[in-house]
Every structure is written in C-alpha cells, then in structure tokens.
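The listed protein sequences derive, respectively, from chains A and B.
Numbered as in this note's numbering, the first sequence ends at 679 without a single skipped number.
Numbered as in this note's numbering, the second sequence ends at 679 without a single skipped number.
Rather than coming from a laboratory, the hints here were simulated on the basis of the structure.
Some hints could be false.
It does not matter which identical chain is meant; a pair holds if it fits inside one copy or across any two.
As the list claims (entries may be wrong) - Dumping the calculated DSSO-like pairs for lysine-lysine here, alpha-carbon to alpha-carbon at most 30 Å: (1) Lys-120 - Lys-399; (2) Lys-180 - Lys-620; (3) Lys-620 - Lys-188; (4) Lys-84 - Lys-180; (5) Lys-620 - Lys-176.
Only a predicted model underlies this, so the values are computations on that prediction, with no experimental measurement involved.
There are 2 protein chains.
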Amino acid sequence: MTDAPDPLVIFTPSGRRGRFPAGTPVLTAARQLGVDLDSVCGGRGICSRCQITPSFGEFSKHGVVSRPEALSEWNKVEQRYKDKRGLIDGRRLGCQATIQGDVVIDVPPESQVHRQIVRKRAEARDIVLDPAVRLHFVEVVEPDMHQPSGDLERLRDALAQQWGVEGATASLGLLKRLQKTLREGEWKATVAVHTPAEGAAPRILEVWPGLREKPVWGAAIDLGSTTIACHLADLHTGEVRASGGVMNPQIRFGEDLMSRVSYSMMNPGGAEEMTLEVRRALAALLAETAQEAGAEPADILETVIVCNPVMHHLVLGVDPVELGWAPFALATSDAVSCSAAELSLNVHPDAQVYLLPCIAGHVGADAAAVALSESPQTSDDLVLIVDVGTNAEIQLGDKRRVLACSSPTGPAFEGAQISSGQRAAPGAVERVRIDPETKEPRFRVIGQEAWSDEAEFDASRITGICGSGIIEVIAEMRLAGIIDEDGVIGSAEQTGSARCVADGRTHAYVLHDGREDGGPLVSVTQNDVRAIQLAKAALTAGAQLLMDRMEVETVDRVVLAGAFGAHISPLHALVLGMIPDCAVDKVTSAGNAAGTGARIALLNRGARREIEQVVRRIEKIETAIEPRFQEHFVGAMAIPHKSAPYPELGKVATLPAVSYGGSGGGGGDAGGRRRRRRG
Amino acid sequence: MTDAPDPLVIFTPSGRRGRFPAGTPVLTAARQLGVDLDSVCGGRGICSRCQITPSFGEFSKHGVVSRPEALSEWNKVEQRYKDKRGLIDGRRLGCQATIQGDVVIDVPPESQVHRQIVRKRAEARDIVLDPAVRLHFVEVVEPDMHQPSGDLERLRDALAQQWGVEGATASLGLLKRLQKTLREGEWKATVAVHTPAEGAAPRILEVWPGLREKPVWGAAIDLGSTTIACHLADLHTGEVRASGGVMNPQIRFGEDLMSRVSYSMMNPGGAEEMTLEVRRALAALLAETAQEAGAEPADILETVIVCNPVMHHLVLGVDPVELGWAPFALATSDAVSCSAAELSLNVHPDAQVYLLPCIAGHVGADAAAVALSESPQTSDDLVLIVDVGTNAEIQLGDKRRVLACSSPTGPAFEGAQISSGQRAAPGAVERVRIDPETKEPRFRVIGQEAWSDEAEFDASRITGICGSGIIEVIAEMRLAGIIDEDGVIGSAEQTGSARCVADGRTHAYVLHDGREDGGPLVSVTQNDVRAIQLAKAALTAGAQLLMDRMEVETVDRVVLAGAFGAHISPLHALVLGMIPDCAVDKVTSAGNAAGTGARIALLNRGARREIEQVVRRIEKIETAIEPRFQEHFVGAMAIPHKSAPYPELGKVATLPAVSYGGSGGGGGDAGGRRRRRRG
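Required output: the full structure, derived from the provided sequences and hints.
In structure tokens, the structure reads:
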C-alpha cells in the first residue's frame, strides 16, 4: 500500500505538475509548485481568492485520468461561502479542497495574482498584473509581558512567518493607529504592504482589523499642461473602475508651459503658487474619481503620475526656471518616488507617488510613459510615435535604437489660437468633407450622429471647431483647391466659391453661418491656416530631425498618441504633411498612450524598472540647438502639390497645384515663434 | 636608477606602511593604506582636514631614517592656509606634501575621522567617532543638453566617483533647493550625507555652495519625565559644545508617568495634547542650545532621543494607553528612525531622529542608553546598575547574562512629595551630618561652599531639601538613633533632642528653622521618612528580584546612574539599604548614563546596531506580576539595626538598635501605592 506513488497534480494554464501526499490542500500544492494562485487570507477559507476548477475525465494531453473523487468532498466552508457570496458551479476553494488522486486543476484568470490584462489594440502588448501594493491577512501573536516585544514587531513577525515578507517597516502614522486596529480585529488583520520592486524593502502602508474585503485602489494620473486625467484601478483586478478629468488650473498662469516658466521667473513665489494650484486640482480630481468608484480617497494606496518636465517640476514643488533656458537642466531626471502626503494628494498619506523618469529637459515623464506603452525599443519595424498635445513629443526607433525630441507645436492642434476654435466638446465640428467641385462642406459635430447634410442634423447645436476638426477642414480645403500650396485662401473669384469671403486683406472660408439665428459664424481664417501651418511645420521638422539623425528617409509606421491624436484622421494628417508620407493603414492611433503608460507603471512594478532602463538608452535630440530644425521648419510650412491615392476617401485624392499668391505665409513668423519655444 | 625601491612610508599611530612612487601625495598614500586621515575637500587643498606631522630623524622603532627632504617642499597652498588660518609648526597638509623618501608620518587625533573620544571615568570605554552624517566636497559636472541628466543625478555621480558614495537619495525638500545651490557654488558644493550604517543606503541631507567650513551638529536628548536635557555635539570633532535643559511641560498633566497615561485615558485628545507640548519643548530647547553653540538650528543634522516608554510613545505621537495596563504592550519596541520634520523638531527637516530601542513596556530607551553607556553585557564582574529617577530602572548582569526591570520608586528621591522637598537648585540642602551624641545637624546647601557650622555660612539662603539631601538626612537620622528600625521618628524625650518636635500624632526633626527671619522651616516629617522608605523599598525589591532570578545574594559592584544618582552619597544609600550591601568603594556614580548613551549613539552609528542587539538579549522581569516583588517590598521597608565599618565617615558607623514604637510605617501603604504603579 505504501508503494503506490502520491497523486499527481497538474495545474493549468501553467502546466506545472508534481506529486503530493493525499490530503494536501490544492493551495499548498500550488504554492509549492510556484503556481500563480491568489490568496489573501493565507488558506484560512475566508477570502475566497483561491478559487480553482478541477477538470475531471480523461486528458490525453496531460495523460492523467482524474475522477471526481480526486479531490476531497465539498465542505462546509465552501458551502458557507457559496451561500453567502455565490461560487460558479464547478469551482472549489483551493485552500479547502484537498488532493486525493491524480487531478488536473485549472486556475481561472481571476484567481491568478499575476493575471494578464489584455489591451484592445492588436499591436499593444498585454499587461501582467504585479502591483507594488499587496494585501495579506495575518494572525498576530498577542502581547506577553514576559516577551515584551512591540505590537509592530509582532506584526512584522507575522508577515515574515505567514507571508515571507521580511523586514517590513512602517510610518509613524501607521504606528499611531496600529495598537487600536490590532485589538479591534482581535489580533487578526489585513495588511497592505508596499514593495516597490522584487526584493526591495517592504513597507506596511495600512492595517485593517480582520479580513478586508473591499478593494484597494491605485490612481494613474496624466498631468497635462491643459488637462489632467485620472484613472482609478482596483489593484487586485487591475480593472479601471472610474475615470475623471479636469482642466489644469495653471492655465491662468499661461496657456503654454513657457508662459508658466516665465510667470515663475517674473513673480517671486510664482512657482509655489502654481504648485499649490496643481496639487489642489489633483486632490480634488482624486476625490471626485474615488467617489465615482465608490472608494474612500484613503483607500487609494498607490499613485503614478506622468507629465512633461515643467509640470513634473511644478507638482514636485521645484521651480521650473532652469527649464526656461539652455541647457534646460532638469532638477532630477530619474524616476521620483515620494509620499502622497508630501504632494498633499487626497489619497492615503503613506501612499507612494511614482513619477516616471524624464527623458530630457523638454521630453518628460509623459514621453517615457508613451515609450512604456508603445515600446518602440522592442519594435521590429521603424516606428515614429507622435504624442500630439500642446507640445509634440516625437520618438523614432526600433529595437536597435530610439531617438526622441520635443517640438514646439503650440496649442493650435488643440483648437486654441484658432478663430472658431474650441475644446473637443459637444457642438464642436470634428469631421469635415468639402466637395472638390462645388466647394460645399458637409460636417459632423460632437454630440450628433448625423452629418450636416442629413435631415436630422440640428444646426442650432454648432458651437465651433475642435482640434481634429480644424485639421480636417484645412486638409479638405487644400484638397478642394480652396487654399494653395503656400496656405493662402483664395478669394471667391479665385476659388469659385461664395464661401470664400474677404477678411481684411485676406480671405476666410465660411463653414457655417448661424448668426441669423443667434448662432456663431464658424469659419476658417487665413490666420487659422497659418497657425496650423506653423504647428505642423514644427511637428514635421522635429520628425525630420530624428529621421536625419537615424539616416532614414521613410518610416515603416506612425503611431499618433495623445488624447487629441486619438481623433486625428490619419488621412488628413498625411494630406497636411503633419507626418511623413506613409501608407494610411500604417498610421494608427494609440489613444492616450501616456495615460496608458501610467496605468502600466501602476499595475506592474517591473515596468517601472524597465522604463527607467529604457529611458537611459533613448538618445535625446534638443531641437532648440539643432540648426537643421530651423531649416526643416521653414521647409515644412507649405502644403505642396501632390498626387496620391487615398482609397479611404473613396477616390484618388490629389492636392491641386494652385497658387493664390500673397506671402502671408508663416515662414516669416517662424523665427519669432521659435524664440518663444514650446507652448 | 630604476632598481632603487620606492620610498617607504610608515603612518603612526596606525603603524600601516607601504611603498609609494616618489611624488605621491601623503593623502593618497594614506587612503591606499586605509589610514584614517580625514579630508572633506578630497585633496583639493582647501579644507585642511588632512594635517599630518612628519617625523624626521632616525627611528629605531620603525627602522626608518627619514630626512626633511623625504617630503616635498612647503608649498604655496600650505603657506596660504597657514597665513589665513594658522597651522601648528611642523604640520603639513597631507594633500599637498608629496613623498620623496622614506618617512614616518604621524596623523594627529584631530586629523583622524574615527578619532577616539576619551571618557573621564576609568571604567567607561572610550567612544570612537563614527557619525552617520559626513560632509563631502564635490565638483559636479555642469548640465549639457546633449546628455540631459538631472542636477541631482550629476550630484549623485560626483558623490560616487569622488567619494565612493553610491546610490545616494534625496528628499523633495533638497530637490527644491538643489539647482540654486549648485549654480551659486559654481558646481562646487559640500554635501552632507547620512548613512545610518556601514553599507546602508546613503541619503543626501543638505548641499551648501562651495566648501562648508562651519561645523554641522548632532543633538543628544535625554527626555525624562521631569526634565529634558540636550547636548549639542560638533559631528566632526565629537565635542559637546553646548548643553541645555528644561522642565518637561507634561508635568502639568501629571507628575508621574501613570498620571499622564491616565490623563490620556480620561481625556479624548489628551495624548495629542501632551505630544504637542513635549515636541514644542524639544523644539524650544534645541533652538536655545543651538544659540548657545552659535549654530543654526537647521545645521543640526542628526538627533538621538532616549526616554522611558511613555515619553517614547508620546513624543512619537502614539497614545501610551496600552502602557497603562497589563500586558503593558509597546506599540514598537525596536529602535525607531524618523525625520525631524515628523516630530516638528527645530532642526534640519530631513535630519534623522533615532530613538534607541525599548527593553520592555516599563524599561525604555533610556535604560537601553544606560546599557550602552555602562555595558553590563561586557562586564567581567556582576554589576547592578540603578538609574534613579522618578522611576528606577535596574539592570543586573555580566558578560554571561543581563536582567532588567523597572521599579516604581515614585518621585520622593527627587525631593517631590517631601514636606521641605525641592529640586536640586541653589538653597537646597544637599549634604547633612548629624552628631550621634548631640543629635545636632550640620549641613551644606547648593550654592554655598561653607557648611552650616562655619562662620561664612549664610543661613538666609536656605530654601529646602533636595533629593540627595533627603537621603542623607534620613540616613544620618538613623545613624544618630533619631529614627528607629521601622522608620519612626522618636520624640524629644525618646531621642533626647529638642529638634524632635511633635507634628500631629507623629514627630518631625527640625533641620533648620528660619521662620523668625521670614525664612522656611526645614524639617523631616514622619511622612517624609515614609515616602523615602517606600521609594527605597521599591528600589530594593526590584534589585532583589533580579538577584533572585540571577540566583545570587551579593553583587560585585553598584553603579548609580541618573542625574540624581550622580549626587547620592554611596555611603548613605548603603545605610538606608537603597542598594544591596557592598563595599563602599564598589559603588560608583555614572552620572547621567542615559544621556551619555544618547551621545554615544549620536557619535557612533555602530553603537546603534550594538545596542539593538544587546537589548534583544536582555531578559526583562516585569515587577508588576512577580509575587515576590510584593514580598521583597514589604520586607525592605525597615532600616534594620546593623553594625558596619564605614571608614569614610571617619568612624565605625553603627545603626543603633532602637525602637520608638508606632506602626505608622509604610508596609500598609505599599499595596495601595503599588496599585498605582510607577510614577
């Protein structure tokens, strides 16, 4: 009887296998084999995180015949859990079911600690959940005056003995609450432990009495010059449960970053003032997002922030003045970790705030986050990544080499400095088509499904043009021959369209005139075209600079990132020459890649180490001192004649070779604008 | 010419020796040989910390003949330094003088980093200076936009390359100041680096432009229930340059610790209130002490605090309520490190505050500090260490084993609860002798050299009796037969002294009656004797308990510690039976040993690791639950008849076998008092 081998257990999907004496709990077997099976309570049958699905029957693949009696019988603990919370049929609790015979056991994704979070885009890699904060249920030895160790020391011992978490430290704040909590939970407690990296010193963030069943949260924040976005993720599932956004209140100190740096230079205490404002906005946003998720702000135990260098310095309380002049020296370029309390964020005071590293004085943690999300450093083909915001951060590279720069596009792409421009909000024109024959437009506004030439369209709800709309309308104007290669809008006479009206010494194209009904005049003026020309020239010049340095003339694919990038029509971007010529299907949008990068860093601590190393290898090009940038910039102002097949338009699109004369083009402005640098 | 060996250099006092090519700077040779030769500037000839004294002549001991030409000639840098700051004749700067021939070089103590600080007492070990904070002068690479690393990263690189300090971190506070400081010093800076232990992660505490020549400071604080003492040491020399003391403002919440714990139990927010008060007092004391030393509070870069467990919890902001009842659970027993800002201390905000570990719920970091200073764990003979304060912490041990307990003596030994009692201040009676024949006293008061029977004595300056005075007077009363074995004061009739006056139903002994001149009546009442009997019984019972546990009946020596212990007459302590019988010359005073322990931990970071380990090995005895404590306590109330030779008194002292009857003795009180526990 003793010669029969112990039962064989095979775990799927890992394929790990081993023999265990009959009576071994499944959880114990999983742990010994290093199978990724979750448990917060450590096998006490109270957290139900270790759910498993035994597979019975004959498994040719695994060569194991497992019978229902291969696991111990369904027990009371499981029944109680099922009655109270529900348990999918066929599921067992890994800490209750014991091994009795050969068996194949599947660990469903939600029982895996390091589960994969699948991203929607085909080209994006999945995220493996491995947050810095983990919960552990412990039973703490009660105090004994013959062995007078402190409560904290006995808690640390419990973490070490029950979870292998060695040498955990705690803040004074935790120490203040500790004694009461341990007694309230009758020496049973759930401990949130922060371990920034595998093998790093663990830190006890919080202790709750008994078993904590509510989730703990992490916040991924994309702190832009104009808007701040926050995503709140359940740190156990990785799922984003609430998102929110606010305007960056620093806008009142200057729309673009350099205005804010100037404000700091000109006003003593100006930097502190801006720091205070942005921290207040972050705290308010976190509170609001927490409320949406039904969470307490104090249950947000981890925060990741991505932002450009100026915002990076301002949120940390560092005067950004050195970023205002050459050599654009960062106070710190490495990743920064600090406590949420230091930034007055409205989360757990001991929560760690992690800011991704900055790539250079003009290429920030937001660009690092884009690199983390889009991974140019692992790309087989040469990819150009353009993060279009108030500034454009541009990365070009593949697995051999990655270059990065920042280009001062200004806020025109976001609808600012445009006569009818507005933020992307209901009422904004976002899609435009102009008939090349009649020069008549049809368009769509945010908040309505119908196009403007459809019956159900409500023209009274038009308010202006947003960033993607302005790009489309100007590209369409060029396709329709309303503007020439230099960007000059033709007169009604020249274009044959009554929509081209005189506007001082230049002309404007009227997209919609609602003035009779008390609505707005939505038109594209010569200055609007100039603003977009300047912005696209800066973008193109930056990309061109990187291509020069890489010694390439074309790229294999283009990724448009940034919240705005998500809405740009690749085709119209190509028409305008915003991005290098490339097959339309090779231009994709990564959405808010910086925000995604923040979320990756939030959910996978290994990703932090990864991006810290990647950033060191990225070669930085400083556009401000590259003589060729100026050259490329001037050269990129025009929207030259070209003939290219754009099947997506339903026809062969041709940029007509027209010229309406006039030298109101932006070439002359460029120098002046360049001196101001990036916005 | 190449066959001649390189010059031989011998350093004293280390005896390290080696051969170096002619032209090698002495500092370089010293570093390569691991000779302890200081330098802050790293050999740039500006800090003058590397002064050395070459010895010329024939040295039979070292077998080296060194001639004046064995070192390079006196150079301009040395002359400039000598002109500006002075340099002892014969001294050279180790970074300027180069080796030219065989030479013996002495490193004077002030040029050694790890110099020894010699303690005055013969039995005390010396302190080797090895503070956690060190200064390093660095030259930082200027920013370069082609290599866009942050200022902090380049500072870290400088520390690593120029000083071998790897991976230094910095606070946000430092980051805010960094850019300005580096530019102000033109990329030269002095950096204060905190490294809590050899090999631990270094932290940049502060950066000053250029070479900092002013000292940086460390504070050693003995935070007692009644008084707070602070010593400010120059962290480079180890020298204490200023000391100060204040009353603990928490006295208004209760004179003894248990009253303060009760205050916290009874008053919501009471603990916070006491925390605030003690932190305020510490901040004020630090400011005052800094001023005395001519230092800026922000230049105090390291702080060590020793205190009892209740004060330990209160200063950390932890409610001490659990220390008020069994099992007297500490929130934390290990050493605590936190930032000065967290405790609102008036020092550098990033300065680390180190609190020594607590031994048990009633034996605190102050007792640990005494163990650090007096080192019972390395003693060859069995030593009893009594730290006499409001509580008595008692340690008994030798190199094999150390036991510790706390005993609730109450504040009587400090002059509190004594009718004529007062703090040790000018006017307080501190020495007393009573003629056994006439029963007439002679005494001395603090602030006067003369005894009361001497002509120059000014009786108008008598104000009361301090702690050491009350012990002496009661011991003398017993020696003179004024009180009997039970502690009863005899009447004038029984004692034959008119100084024994009726006081209700008991008697009092009048030491001094200044009432006619508007002065005080200074007398010893029956209650005073009872209070001292209770206190000494508690002390004796605690010591006895440890001796029982150690299974010994005598000790080899006794060390009296505590500010008050410094003034107790060993002889009178023996007469009263405060300490076990022992040869008088084996009773020594360690002065404020807790304060000394704090200073040791401040100046030598290795001592911290040492005491952390020692404390874990000390066996704790909880007097509150030891039935024998009660027994010993009751048995120790009496001051029994004994005849012992005390040559120090100039005669053979005998405690007469007298009895004045009356059962007003403290035996009955003891239980009631015990329930209140320690004061």
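Okay, which hints does this one fail, numbers in order? none
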